[in-house]
Amino acid sequence: MSQPSHDAAIGAAPHGAAPAAVEGAIAGASIGDRIYRVVTTAFAWVVPLLLGLIALEVVLAAWPAFRTFGVGFLTSSEWDEVRGVFGAAPMIYGTVVSSVLALVLATPLALGVAIFLSEFAPSWLRQPVAFLVDLLAAIPSVVYGLWGIFVLLPVLREKVMPFLATTLGLAHTPFFSGPAYGPSMLAAAVILAIMVLPYISAVSREVLMAVPRSQREAAMALGATKWEMIRDAVVPYARSGIVGGIILGLGRALGETMAVTMLIGNRHEISSSLFAPGYTLASVIANEFAEATSEAHTSALMACGAVLLAVTLAVNVIARWLVWQVSREGK
Amino acid sequence: MTDLASPRPTPQRPYVAVPVATPAAVSPNAAPVTVGAERIAVHHLDAFYGATRSVRDVNIAFHDGTVTAIIGPSGCGKSTLLRCLNRMHETIPGARTEGEVLLDGHDIYARGANPIQVRRRIGMVFQRPTPFPTMSIRDNVAAGFKGLGGDVPSRRELDEIVERSLQRAALWDEVKDRLKDSAIGLSGGQQQRLCIARALATNPRVLLLDEPTASLDPISTQRVEELVYELRGSVTVVIVTHNMQQAARVSNRTAFMLAGELVEVAPTSALFTTPKDPRTEAYITGRFG
Amino acid sequence: MSAPATVRPPRASGTQRAAAQRTARSLGRRRAVNVIMLGVMYVAALVAVLPLIFILWHLAREGASSISLDFFTKMPKPVGEAGGGMGNAIAGTLVLLGIASAIGLPIGIGAGLYLAEQRTARLATAVRFLSDVLNGLPSIVMGIFAWQFLVRPIGHFSAAAGGIALGAMMIPLVTRTTEEMIRLVPVSLREAALALGYTRWRTSLSIVLRTALPGIVTGALVAVARIAGETAPLLFTAFGNQFWSLSLDQPVSALPLQIFSYAISPYDEWHRLAWAGALVLIALVLIISLISRLVTRSRLGGGGD
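Chains as they are written, first to last, in the numbering used here: chain A, 1 to 331; chain Y, 1 to 289; chain H, 1 to 305.
Don't take every hint at face value.
[Unchecked claim] So the derived list for chain Y, only partly shown, Cβ under 8 Å to chain H, looks like this:
| # | residue |
| --- | --- |
| 1 | ASN86 |
| 2 | THR91 |
| 3 | ILE116 |
| 4 | ARG120 |
| 5 | PHE126 |
| 6 | THR130 |
| 7 | GLY144 |
| 8 | ARG198 |
[Said to hold, decoys possible] Restraint ranges, calculated between C-beta atoms of paired labels, are given here:
| # | chain 1 | residue 1 | chain 2 | residue 2 | range |
| --- | --- | --- | --- | --- | --- |
| 9 | H | ILE287 | A | SER123 | 42 to 52 Å |
| 10 | A | TRP324 | H | LEU50 | 27 to 37 Å |
| 11 | Y | TYR49 | H | ASP249 | 54 to 64 Å |
| 12 | H | ARG31 | A | LEU53 | 51 to 61 Å |
| 13 | A | GLU78 | H | LEU205 | 57 to 67 Å |
| 14 | H | LEU294 | Y | GLU261 | 19 to 29 Å |
| 15 | A | VAL71 | H | GLY83 | 30 to 40 Å |
| 16 | H | ARG272 | A | GLY72 | 39 to 49 Å |
| 17 | H | ARG272 | A | TRP324 | 41 to 51 Å |
| 18 | A | ARG267 | H | LEU50 | 22 to 32 Å |
| 19 | A | GLU291 | H | GLU81 | 20 to 30 Å |
[Said to hold, decoys possible] What the simulated footprint calls covered on chain A by chain H, stretch by stretch (three residues with Cβ under 8 Å from a Cβ of chain H suffice, anywhere in the stretch; the number is not a length):
| # | stretch |
| --- | --- |
| 20 | 34-46 |
| 21 | 111-117 |
| 22 | 139-145 |
| 23 | 300-313 |
Worth flagging that the hints you see were computed from the coordinates, not collected in a lab.
On a predicted model such as this, the values are computed, not experimentally measured, just so you know.
All residues carry an ideal CB built from backbone N, CA and C; glycine is no exception.
Take these sequences, add in the hints, and give me the full structure.
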C-alpha cells in the first residue's frame, strides 16, 4: 500500500501534473483530518512504548541484584535476608514444575472441551457451555485463592493426597512422599490447571473452527466416522494453533500470582515431592515484598520479576506467533 | 435480477411514455427536457488500483438536465469511473487517478482542491442502501449538514429541507408520521429512497447513482426509476447500471464501457438502435456480458 | 491398534465375503470408538464446568450471609469484634477503577480506531501483535513497573500509581475489542458518510465509532471487570489502607487486597468478610459478562439489513 495515494484523500492532489491552484468553492484542506490521524497514531504508539517502558523499568529495578549475583542468581538456592544472599533457583524450579504440572492436568480437559464445543455439542448446549468455560477466565485470581484455601486444600489433604499415597501406594516414590499438609506444589498446580483451562480451550476452539470445511468433507467423503475425521483431519490441521494455545496457557500459569501465593506454601526449598510446599517467582514477590527492608532483598525480588518478565515475554511471542499462523491460513 | 424489459403495468407513468428517446432528444428543441450547460467534463482520465489500470483514458462530459447511464459488463470500470467523479475512488487504499475532472470548470484533482468540498457538491447513492443505523429517518436526511461543521441551518430550516428532500425522493407520504423512528425499520426500497433524499438534501448539482436498484425488488426498482426520471430536470444524474433496459428507461444519454475504455457515448435511443461501434452492438444484442 | 481411517470397499475377488465381513466388523468397532469418544468429550465438558459451579456455590453459601448494608458502608472492625464491613475497600476499588478507565479507555479506543482504519500499516500489525503480548504479561509485572516508575521516585504508595498500573493493563484489552467492534461496521457506511462530504475524522467518530459504540462499551465493561479483581499489581502501588481514603496520592484499600489479607488471616470473622467480598466481586464480573453476552448476541442476531 503506497502511503502517498492514501494521503491524497486528505487534501493534496494525487497527481502533480497540473499545479494550477483551485480558487473558489472546491478549494481548501481539512486540518481536522490531519489532527485526527496524528492523534490516533499517537495512541497506537502507546502500546509498543508501554511495553518497552515496562521492560526498562523492571530491568532497572532488578539491576542491583543482577550486578551483585550475576548468573549465580539463577542457579543458587540460598535465600538469606540476614546475610543478604539471594538465589532464585527454588522459585524457578517451583514456577516451572507448577506450571508444567498444571498444563498436564489442564490440556486434555481443555482439548476435550474445545473439540466438544466445535464438533460435537448440540447447538443449544454450545453457547451456555462456552459461556461457563469462558467465565472461569473471568474469576479473579484472589477468589481462586480464597476458594483454594477453604475448599480445595481440605479436599486435597483429606481425600486426594491419602488416596495417591496410600490407596495407590505411591508414597514410596519421591513424587508423593512426605506428610500431606495441604499447601503444596500439588495444590498450586491444581488451581493453576483450573485457571488456565479456559485460555487453552478458547484458543483451541478458535483454531478448530478455523479448519476449512474442505478438510472435514474430504475425510467424511472417505468414509471416516466423526471421531476419525477429528483425529485424522481436523486436529492435525489445527495442531500448531493448539500448541500455541497451550503455550499461551503456560504463559498464564507462569505469571499467576495470588492464587499460587495462597496455596503453594511459600518455602525456599526444592523438593521432589509434590506434597511439599514450594515457591514461584511471582509468589515470592507478592509474599515478601511488604517485609523486604533491605535494598538487596527488594532488588532480589525485582530480579525474580525480571526473570518472570523475560520468560513470559518469550512464551507469549512464540504462542501468539503460532496462533497467528493458523488463523491467517484459515482465512 | 428480475427482467425489467417485460411490459410495464402502468403505462400512464410519464417515463414509460418515452421508452426509447428519439435521436433528437439531445437537441434543445425536440428534447423533453432542455439540455443545459456542461456540468462535469472528464479529460484523459485513468484510474488505478495499485498497478492495475481499471479506467483507461476516458473523455466524457455530463450536461445539466440529462440523465447519463453508464453500461457495460461487470468489471468494465463503470463504477470506478463514477467514483472518480466525486473523488471517492481514492478512499480505497492503493487507489489513484490521473487526468482531469472539471466540475463547473474547476479541476477537482488540482492541487489545493478539497475532496470534502467536491463531495458536498455531488451526491452519491450506492448499490446497497446505507442508512446510518444510529440515526432517525429525519437525522439521516439531515446528515449531510452534520458533517459540515460550519454553517448549519436552523432547526426550522432543517425541517423544511428534510420535508422537501423526502418529497423529492417520493418518500414523504410513507414516513412523515415516523420521522423520529430508526431508519433501520424501513424496507430496502424505502431505505434506498431515503439515501436518495439524503443525497438531495444538500442540494447537489450532480447525483451519482451506483447501481441503485441492484439490491431491490421489482416494485421498489420501478419507484426508484421513476424518481430518477423525475429528477432529471433539477439535477445532473449519472447512473451506473448493468441493466440495459434500465438504462433505456431512465436515461437520455448512454455511455458504453468495456475493459476500462469508454467505447461509445451517444443519445440513448441512438446507442441502442444504431450503435456505431461493433463492440457496442455485440453487447446490446447480448453476444457477451 | 487403531481403526483405519478410511473404509476400503470390498474387493471383487474370491475373498470378497471374508473381506466384507472384516469390514463390517471393523466398521462396528470404529462406530463404537466414535460413540465412546463422543462420551469422553461430554465428560470433559462437564468436568471443566464443575469447578465454576463449585466456586459459585461456595461463594454464595459462605458469603451471602455476611452481605448487608453494613458490609458496603462500614469500616473493618478490629480483630475480635464482630460485624464491620469493607466500605473503604469498595470505595478504594471504585477510585482505582476510575483512574484506570480514565487512562485505559481513551488510549485503548484511540489505538483501536487507528488499527481499524490503518489496517495494513506496518505500525498497525506491530501494535496488534504487541497488544496481544502485553495482554499476556503477568499482572505482577505491571505492579513492579508502576512501583519502579512511580512509587519509588515519589517516595510513597498511592492510589494514582495503582490506577496507572491497572490502566496499563486495560489498554491492550480495550484496543483489541475496539478494533474488532469497528470492523463489524460495514464499509458501505463509511463510504456513504464520505460521499456526503464528511471529513474523515467526522466519519470515524460520528458514524463509525457511534455505530460500534454498544460493542465498545461492552468491551470496556469487560475490561473493567477484569481489572477490578486484580490484586498483584496493587501490592506494590495502592498498597492498602486501614482507613477511609479517597486521596489520589495516598495509599488506598481495594476489595481484592482486602480479600487477600483477610483470607490468609487466622480469624473466622475475617474469613467471613473475605467470602462476602469475593461474592461481591464475582457478582460484578458475572453481571458484566452476562450483559456483554446479551449485547453481542443481539448485535449478531438483529443486524440484518
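Quick one: are LEU294/H and GLU261/Y within 19 to 29 Å, going by C-beta?
violated, 54 Å
Between ARG272/H and TRP324/A, does the beta-carbon spacing fit 41 to 51 Å?
holds, 47 Å
Under a C-beta cut-off of less than 8 Å, do 3 or more residues of the stretch 139-145 of chain A approach chain H closely enough to confirm the stated coverage?
holds (count 7)
Checking C-beta pairs, does the stretch 300-313 of chain A have three or more residues closer than 8 Å to chain H?
holds (count 6)
Was the hint right that ARG198/Y lines chain H, CB cutoff 8 Å?
holds, 7 Å
Is 39 to 49 Å right for how far apart the beta carbons of ARG272/H and GLY72/A are?
holds, 46 Å
Cut-off 8 Å, beta-carbon criterion: hint that THR130/Y touches chain H
holds, 4 Å
Should the interface hint for THR91/Y be scored as holding, given a Cβ-Cβ cut-off of 8 Å against chain H?
holds, 6 Å
So, as I understand it, the hint says GLY144/Y touches chain H; can you test that by seeing if any CB pair is closer than 8 Å?
holds, 5 Å
Outcome for the supplied range 51 to 61 Å, where the beta carbon pair is ARG31/H and LEU53/A:
holds, 59 Å
Count the residues of the stretch 34-46 of chain A with a beta-carbon closer than 8 Å to any beta-carbon of chain H: does the count reach three?
Per the Cβ count (11), the hint holds.
With 54 to 64 Å as the target window, see if TYR49/Y and ASP249/H comply at their CB atoms.
holds, 56 Å
This entry does not satisfy hints 9, 14 and 15, going by the numbered hints stated previously.
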